[in-house]
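**Student:** Sequence:
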Amino acid sequence: MAEDKRLICAGCELAEAGKGVRFSVERYGRNVPAFVIRYRGRVHAYLNECAHVPVELDCQHGEFFDHSKLYLICAVHGALYAPDSGRCLGGRCQGRGLKSLPVIESDGNVFLVLENRNG
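In full-length UniProt numbering, the protein residues as written are 1 to 119.
Please note that a few of the clues may not be correct.
[Unchecked claim] With a straight-line cut-off of 27 Å between C-alpha atoms, the simulated DSSO-like cross-links for lysine-lysine are:
id : residue 1 : residue 2
1  : K99       : K69
2  : K19       : K99
3  : K69       : K19
4  : K5        : K99
5  : K19       : K5
[Said to hold, decoys possible] Have a look at the derived ranges for each label pair, beta carbon to beta carbon:
id : residue 1 : residue 2 : range
6  : A15       : A75       : 26 to 32 Å
7  : Q60       : D4        : 28 to 34 Å
8  : K5        : Q94       : 30 to 36 Å
Quick caveat, the hints were computed from the structure, so don't treat them as lab data. Just so it is clear, the structure is predicted and the values come from calculations on it, not from any experiment. Using N, Cα and C, we set each Cβ at its ideal position, and we do this for glycine too.
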(Lines of atoms letter the chains of each structure in order from A and count residues from 1; the text may use other names and numbers.)
(Lines give C-alpha, C1' and ligand atoms only; values in the text may rest on other atoms or scores of the structure.)
Protein backbone atom coordinates (compact mmCIF):
# COMPACT_ATOMS: atom_id res chain seq x y z
CA MET A 1 0.00 0.00 0.00
CA ALA A 2 1.39 3.41 -0.99
CA GLU A 3 1.73 6.08 1.67
CA ASP A 4 -0.14 9.33 1.14
CA LYS A 5 2.30 12.16 1.69
CA ARG A 6 2.68 15.88 1.16
CA LEU A 7 5.93 17.65 0.30
CA ILE A 8 7.14 20.01 3.03
CA CYS A 9 10.59 21.01 1.77
CA ALA A 10 13.83 19.81 0.26
CA GLY A 11 15.98 17.97 2.80
CA CYS A 12 18.89 20.36 2.13
CA GLU A 13 16.80 23.21 3.60
CA LEU A 14 17.18 21.67 7.07
CA ALA A 15 20.63 22.12 8.59
CA GLU A 16 21.51 20.05 11.65
CA ALA A 17 20.02 21.85 14.70
CA GLY A 18 19.46 24.88 12.48
CA LYS A 19 16.55 26.90 11.29
CA GLY A 20 13.29 24.99 10.90
CA VAL A 21 10.81 25.09 8.06
CA ARG A 22 7.28 26.21 8.88
CA PHE A 23 4.22 24.74 7.18
CA SER A 24 0.57 24.23 8.06
CA VAL A 25 -1.64 21.20 8.60
CA GLU A 26 -5.38 20.85 8.79
CA ARG A 27 -6.70 19.89 12.21
CA TYR A 28 -10.37 19.84 13.12
CA GLY A 29 -11.34 21.82 10.02
CA ARG A 30 -8.79 24.61 10.36
CA ASN A 31 -5.20 25.22 9.28
CA VAL A 32 -2.73 25.23 12.16
CA PRO A 33 0.98 26.10 12.09
CA ALA A 34 3.59 23.35 12.23
CA PHE A 35 7.34 23.04 11.73
CA VAL A 36 10.02 20.53 10.81
CA ILE A 37 13.64 20.48 12.06
CA ARG A 38 16.69 18.25 11.68
CA TYR A 39 18.30 16.86 14.83
CA ARG A 40 20.96 14.16 15.04
CA GLY A 41 20.55 13.50 11.35
CA ARG A 42 16.80 12.84 11.44
CA VAL A 43 13.81 15.02 10.63
CA HIS A 44 11.15 15.70 13.27
CA ALA A 45 7.93 17.68 12.93
CA TYR A 46 5.58 19.18 15.50
CA LEU A 47 2.59 21.46 15.72
CA ASN A 48 3.95 24.96 16.31
CA GLU A 49 2.24 25.39 19.65
CA CYS A 50 3.73 25.62 23.13
CA ALA A 51 2.28 23.04 25.53
CA HIS A 52 1.87 25.71 28.23
CA VAL A 53 -0.19 28.28 26.34
CA PRO A 54 -1.15 27.93 22.67
CA VAL A 55 1.38 30.37 21.20
CA GLU A 56 3.84 29.66 18.41
CA LEU A 57 7.31 28.68 19.64
CA ASP A 58 9.35 30.85 17.27
CA CYS A 59 9.33 34.62 17.65
CA GLN A 60 11.83 34.86 14.82
CA HIS A 61 10.53 32.91 11.82
CA GLY A 62 11.94 29.35 11.88
CA GLU A 63 14.16 29.77 14.96
CA PHE A 64 13.15 26.88 17.23
CA PHE A 65 16.44 25.88 18.87
CA ASP A 66 17.92 27.53 21.94
CA HIS A 67 21.46 28.98 21.84
CA SER A 68 23.05 25.63 22.75
CA LYS A 69 21.32 23.93 19.79
CA LEU A 70 20.36 21.07 22.15
CA TYR A 71 16.74 22.02 22.89
CA LEU A 72 13.66 23.44 21.24
CA ILE A 73 12.52 26.52 23.14
CA CYS A 74 9.34 28.55 23.39
CA ALA A 75 10.48 32.11 22.75
CA VAL A 76 7.57 33.46 24.81
CA HIS A 77 7.71 31.27 27.95
CA GLY A 78 11.17 29.67 27.83
CA ALA A 79 9.82 26.11 28.01
CA LEU A 80 12.36 23.55 26.76
CA TYR A 81 11.55 20.50 24.65
CA ALA A 82 13.58 17.53 23.40
CA PRO A 83 14.10 17.98 19.64
CA ASP A 84 13.84 14.24 18.92
CA SER A 85 10.63 13.55 20.87
CA GLY A 86 8.95 16.87 21.76
CA ARG A 87 9.05 15.82 25.43
CA CYS A 88 8.93 18.66 27.98
CA LEU A 89 12.32 19.09 29.63
CA GLY A 90 11.68 22.14 31.76
CA GLY A 91 9.88 25.41 32.16
CA ARG A 92 6.21 26.16 32.04
CA CYS A 93 5.27 23.16 29.87
CA GLN A 94 4.84 21.25 33.17
CA GLY A 95 5.39 17.81 31.69
CA ARG A 96 3.27 18.33 28.57
CA GLY A 97 5.15 17.85 25.34
CA LEU A 98 4.80 19.07 21.79
CA LYS A 99 2.38 17.30 19.45
CA SER A 100 4.44 15.38 16.90
CA LEU A 101 3.58 14.87 13.26
CA PRO A 102 4.69 11.91 11.10
CA VAL A 103 7.37 12.87 8.58
CA ILE A 104 9.77 10.98 6.34
CA GLU A 105 12.79 11.97 4.30
CA SER A 106 12.91 10.32 0.90
CA ASP A 107 14.63 11.10 -2.42
CA GLY A 108 16.13 14.29 -0.98
CA ASN A 109 12.80 15.70 0.19
CA VAL A 110 10.89 15.87 3.47
CA PHE A 111 7.27 14.75 3.43
CA LEU A 112 4.39 14.90 5.87
CA VAL A 113 2.76 11.47 6.07
CA LEU A 114 -0.96 12.03 5.73
CA GLU A 115 -3.41 10.21 7.93
CA ASN A 116 -5.30 7.34 6.33
CA ARG A 117 -8.89 8.57 6.32
CA ASN A 118 -10.28 5.28 5.02
CA GLY A 119 -9.64 3.26 8.15
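**Student:** For K19 and K99, compute the direct alpha-carbon distance and say whether it is at most 27 Å.
**Tutor:** Given that 27 Å is the threshold and the Cα spacing comes to 19 Å, the pair holds.
**Student:** Holds or violated: are the alpha carbons of K69 and K19 at most 27 Å from each other?
**Tutor:** holds, 10 Å
**Student:** Just to be sure I understand the hint, the distance between the Cβ atoms of A15 and A75 should be within 26 to 32 Å; is that true here?
**Tutor:** violated, 19 Å
**Student:** Looking only at beta-carbon atoms, does the pair K5, Q94 fall within the given range of 30 to 36 Å?
**Tutor:** Hint holds: Cβ distance 34 Å, inside 30 to 36 Å.
**Student:** Between K5 and K99, does the CA-CA distance stay at or below 27 Å?
**Tutor:** holds, 18 Å
**Student:** Quick check: does the Cβ-Cβ distance between Q60 and D4 fall within 28 to 34 Å?
**Tutor:** holds, 33 Å
**Student:** Is the straight-line distance between the alpha-carbon of K99 and that of K69 27 Å or less?
**Tutor:** Given that 27 Å is the threshold and the Cα spacing comes to 20 Å, the pair holds.
**Student:** What's the verdict on K19 and K5, does the C-alpha distance respect the 27 Å limit or exceed it?
**Tutor:** It holds: about 23 Å lies between the C-alpha atoms, which stays within 27 Å.
In terms of the numbered hints stated before, the structure departs from hint 6 and from no other.
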